[in-house]
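*Asks:* Construct the complete structure from the given sequences, taking the supplied hints into account.
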Amino acid sequence: MSHIKNPCNMSESTDILEFSNATLPAGRHGQTEMRGITFALKSGQLMLIKVESGNEYLPLADATEGLIAPKSGNIRWQGKAWHSMTPDIELQSRGKIGRVFEKQGWLSNLNVIENVTLSQRHHTQRPEREIIREADELAKYFGLPEIPRQRPAFVGRRELKIAEWVRALSGGHLLLLLERPENGVPDDYLPKLIDAVQTALKRGAAVIWQTDRDLAWNTSIWPDEFRYRMRGTDMVKEVEAI
Amino acid sequence: MFSFISKAGERTVAWAKSTAHFFAIFWSILFLATKRTAWPRTTRNVFMRQILFTGVEAMKFVSLVALITGLSVVIQAQIWLGKTGQSQMLGTILVIVIVRELAPLLVNFILISRSGTAIATELANMKVLGEIHLLECQGIDPLLYLVVPRALAFALCVFCLTIWFIVVSFGGGYLYGILAGVGAGAPNLFIANVLKAVHLPDVFSLLAKTFLPGMFTAIICAVEGISVGEAITEVPQAATRAVVRSIAALFILSAIVSILSYT
Numbered sequence: 001m002s003h004i005k006n007p008c009n010m011s012e013s014t015d016i017l018e019f020s021n022a023t024l025p026a027g028r029h030g031q032t033e034m035r036g037i038t039f040a041l042k043s044g045q046l047m048l049i050k051v052e053s054g055n056e057y058l059p060l061a062d063a064t065e066g067l068i069a070p071k072s073g074n075i076r077w078q079g080k081a082w083h084s085m086t087p088d089i090e091l092q093s094r095g096k097i098g099r100v101f102e103k104q105g106w107l108s109n110l111n112v113i114e115n116v117t118l119s120q121r122h123h124t125q126r127p128e129r130e131i132i133r134e135a136d137e138l139a140k141y142f143g144l145p146e147i148p149r150q151r152p153a154f155v156g157r158r159e160l161k162i163a164e165w166v167r168a169l170s171g172g173h174l175l176l177l178l179e180r181p182e183n184g185v186p187d188d189y190l191p192k193l194i195d196a197v198q199t200a201l202k203r204g205a206a207v208i209w210q211t212d213r214d215l216a217w218n219t220s221i222w223p224d225e226f227r228y229r230m231r232g233t234d235m236v237k238e239v240e241a242i
Numbered sequence: 001m002f003s004f005i006s007k008a009g010e011r012t013v014a015w016a017k018s019t020a021h022f023f024a025i026f027w028s029i030l031f032l033a034t035k036r037t038a039w040p041r042t043t044r045n046v047f048m049r050q051i052l053f054t055g056v057e058a059m060k061f062v063s064l065v066a067l068i069t070g071l072s073v074v075i076q077a078q079i080w081l082g083k084t085g086q087s088q089m090l091g092t093i094l095v096i097v098i099v100r101e102l103a104p105l106l107v108n109f110i111l112i113s114r115s116g117t118a119i120a121t122e123l124a125n126m127k128v129l130g131e132i133h134l135l136e137c138q139g140i141d142p143l144l145y146l147v148v149p150r151a152l153a154f155a156l157c158v159f160c161l162t163i164w165f166i167v168v169s170f171g172g173g174y175l176y177g178i179l180a181g182v183g184a185g186a187p188n189l190f191i192a193n194v195l196k197a198v199h200l201p202d203v204f205s206l207l208a209k210t211f212l213p214g215m216f217t218a219i220i221c222a223v224e225g226i227s228v229g230e231a232i233t234e235v236p237q238a239a240t241r242a243v244v245r246s247i248a249a250l251f252i253l254s255a256i257v258s259i260l261s262y263t
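Chains as they are written, first to last, in our numbering: chain B, 1 to 242; chain R, 1 to 263.
Hints in this document: simulated from the structure, not taken from any laboratory. The beta-carbon is built from N, C-alpha and C at its ideal position, and this holds for glycine as well. It is possible that some hints are incorrect.
[Said to hold, decoys possible] Mimicking EDC-like on lysine to aspartate or glutamate, the simulated pairs with C-alpha atoms at most 20 Å apart in a straight line are:
| # | chain 1 | residue 1 | chain 2 | residue 2 |
| --- | --- | --- | --- | --- |
| 1 | B | 103 | R | 230 |
| 2 | B | 42 | B | 212 |
| 3 | B | 50 | B | 212 |
| 4 | B | 96 | R | 230 |
| 5 | B | 103 | R | 136 |
| 6 | B | 80 | R | 230 |
| 7 | R | 35 | B | 88 |
| 8 | B | 96 | R | 141 |
[Claimed, not checked] Pulled a few chain B residues facing chain R out of the computed Cβ check, cut under 8 Å:
| # | residue |
| --- | --- |
| 9 | 31 |
| 10 | 67 |
| 11 | 92 |
| 12 | 93 |
| 13 | 94 |
| 14 | 95 |
| 15 | 99 |
| 16 | 105 |
| 17 | 109 |
| 18 | 111 |
| 19 | 118 |
| 20 | 119 |
| 21 | 121 |
| 22 | 190 |
| 23 | 192 |
| 24 | 225 |
[What the hints assert, rightly or not] For each label pair, taking beta carbons as the anchor points, the in silico distance ranges come out as:
| # | chain 1 | residue 1 | chain 2 | residue 2 | range |
| --- | --- | --- | --- | --- | --- |
| 25 | R | 57 | B | 153 | 19 to 29 Å |
| 26 | B | 154 | R | 188 | 49 to 59 Å |
| 27 | R | 175 | B | 124 | 51 to 61 Å |
| 28 | R | 87 | B | 150 | 53 to 63 Å |
| 29 | R | 263 | B | 26 | 55 to 65 Å |
| 30 | B | 33 | R | 229 | 34 to 44 Å |
| 31 | R | 259 | B | 33 | 34 to 44 Å |
| 32 | R | 57 | B | 220 | 52 to 62 Å |
| 33 | B | 150 | R | 232 | 17 to 27 Å |
| 34 | B | 219 | R | 16 | 51 to 61 Å |
| 35 | B | 183 | R | 23 | 37 to 47 Å |
| 36 | B | 124 | R | 195 | 44 to 54 Å |
| 37 | R | 76 | B | 92 | 57 to 67 Å |
| 38 | R | 105 | B | 124 | 39 to 49 Å |
*Replies:* Laid out in structure tokens, this is it:
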């Protein structure tokens, strides 16, 4: 897994994300309200959340990105509350987050490779050829010949999901938000995703992985991991970080 | 009676708010357009695509309308001015009719119906499908990425296509006039006649009647598109509102510019 760019020069002890007794409103598309969420995620740490059947959609990722304000409590990104940032800093901060989306993950008027490279082309000065090469190498690692060049409407569900993995994992993001990334992809592909996530963790990224699949839940992905299970509106901690 | 006054007041406040919102976006776009950081390669890409869709791809239809307009107006002018012995007024009449009024108005109309509706529908669909949210999640400002390049490209296209409209309508009309035997003399005389009739207020009027309505149209269509909720049934409503408001803005602006330019 040499394709994943070194994400950051964060020191091991820096808090990337901190939720303090945050209550998150239900948000869009039937999301479940979340109450009393408290955790701190540092560089190189993984947080695995098992979601309940029927309540799969959580507002956690949107709240993490500062797109949903908590009803109560605080959310801090790299030590700062989202509402205290200037709009430019807010946008730059979101550019450091890679995400596999629960629902809509594509701009329909761009082809898939343009979608995958959009954030990096927007936020960085990296040469386009280098960004595309990195994405194609990651796609090959996951078993695709390359990132599709067609519009998302003409690409299969499995290829699109893998392209979403590539988008989240390329460019060296500080934080990966994986909202049920295994959906739409056969279990055979999961070990490679786990391997890619481990590489990202090893290089200093923090990861939040929401899952409803036993395969991901039962795999010990990373020594420095937290496990939570959703019970109604509560997120219950299962295993202490090692 | 009280209910009527209350409703009128509510509507006035709502209108004032939406107008203030529109001008806030207008000034934000002008401000952002001057910032170098507001033009990353992704935004430049959207700008170029909009030029292609709104400008280049509309050229054929604009040319056709210009040709037909040119035939009608130039021939009529040549015939009637010839009959009244006022042939030397040809340039002035053409500039008044085509350059000052018809060309900017028709080009704006064509682009409102062709590209304005496309912008409103595209952005409304993006909103309904969650694509605006997707941009925000990636740290991309929807105003910067979707509205700024479209507004500026739209305004530039209206201006360029208006110039093209004038050239085609004059050229087509002149050629047909020669073929029909009611020509206005040598081409250089025709061109000189027209150019002599163009004054500074005409240049100001042409710039104002193309760039301003062009930008207003794009902003109105974008704002209407983005303002839909989550239902797909809101998309055609947004497109209709966008067209009606763009046309209203076009007429109001054209009238204001005419009054300021020629009184």
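*Asks:* Each hint needs a verdict: does it hold in this structure or not?
*Replies:* Consistency of the hints with the structure:
1. 103/B x 230/R: It holds: about 14 Å lies between the C-alpha atoms, which stays within 20 Å.
2. 42/B x 212/B: Answer violated: residue 42/B to residue 212/B is near 24 Å, above 20 Å.
3. 50/B x 212/B: holds, 6 Å
4. 96/B x 230/R: violated, 28 Å
5. 103/B x 136/R: holds, 15 Å
6. 80/B x 230/R: violated, 31 Å
7. 35/R x 88/B: holds, 13 Å
8. 96/B x 141/R: holds, 14 Å
9. 31: violated, 12 Å
10. 67: holds, 6 Å
11. 92: Holds, because the Cβ-Cβ distance from residue 92/B to chain R comes to roughly 6 Å (cut-off 8 Å).
12. 93: holds, 7 Å
13. 94: holds, 3 Å
14. 95: holds, 4 Å
15. 99: Hint on residue 99/B: holds, closest Cβ of chain R at ~6 Å, below 8 Å.
16. 105: With a closest approach of 7 Å, the residue 105/B hint holds.
17. 109: holds, 7 Å
18. 111: violated, 12 Å
19. 118: holds, 6 Å
20. 119: With a minimum Cβ separation of about 4 Å from chain R (threshold 8 Å), the hint on residue 119/B holds.
21. 121: holds, 5 Å
22. 190: violated, 24 Å
23. 192: violated, 24 Å
24. 225: Because about 24 Å separates residue 225/B from the closest Cβ in chain R, which is outside the 8 Å limit, the hint is violated.
25. 57/R x 153/B: 19 to 29 Å: Since the Cβ atoms of residue 57/R and residue 153/B sit about 21 Å apart, the hinted range of 19 to 29 Å holds.
26. 154/B x 188/R: 49 to 59 Å: holds, 55 Å
27. 175/R x 124/B: 51 to 61 Å: 53 Å Cβ-Cβ, so the 51 to 61 Å window holds.
28. 87/R x 150/B: 53 to 63 Å: holds, 60 Å
29. 263/R x 26/B: 55 to 65 Å: holds, 58 Å
30. 33/B x 229/R: 34 to 44 Å: violated, 21 Å
31. 259/R x 33/B: 34 to 44 Å: violated, 57 Å
32. 57/R x 220/B: 52 to 62 Å: Given a distance of about 56 Å, which is inside 52 to 62 Å, the answer is holds.
33. 150/B x 232/R: 17 to 27 Å: Because 24 Å falls inside the window, the suggested range holds.
34. 219/B x 16/R: 51 to 61 Å: At roughly 59 Å between Cβ atoms, residue 16/R and residue 219/B fall inside 51 to 61 Å, so the hint holds.
35. 183/B x 23/R: 37 to 47 Å: holds, 44 Å
36. 124/B x 195/R: 44 to 54 Å: Distance hint for residue 124/B, residue 195/R holds at roughly 50 Å.
37. 76/R x 92/B: 57 to 67 Å: Distance hint for residue 76/R, residue 92/B holds at roughly 60 Å.
38. 105/R x 124/B: 39 to 49 Å: holds, 44 Å
Checked against the numbered hints above, the structure breaks hints 2, 4, 6, 9, 18, 22, 23, 24, 30 and 31 and satisfies the rest.
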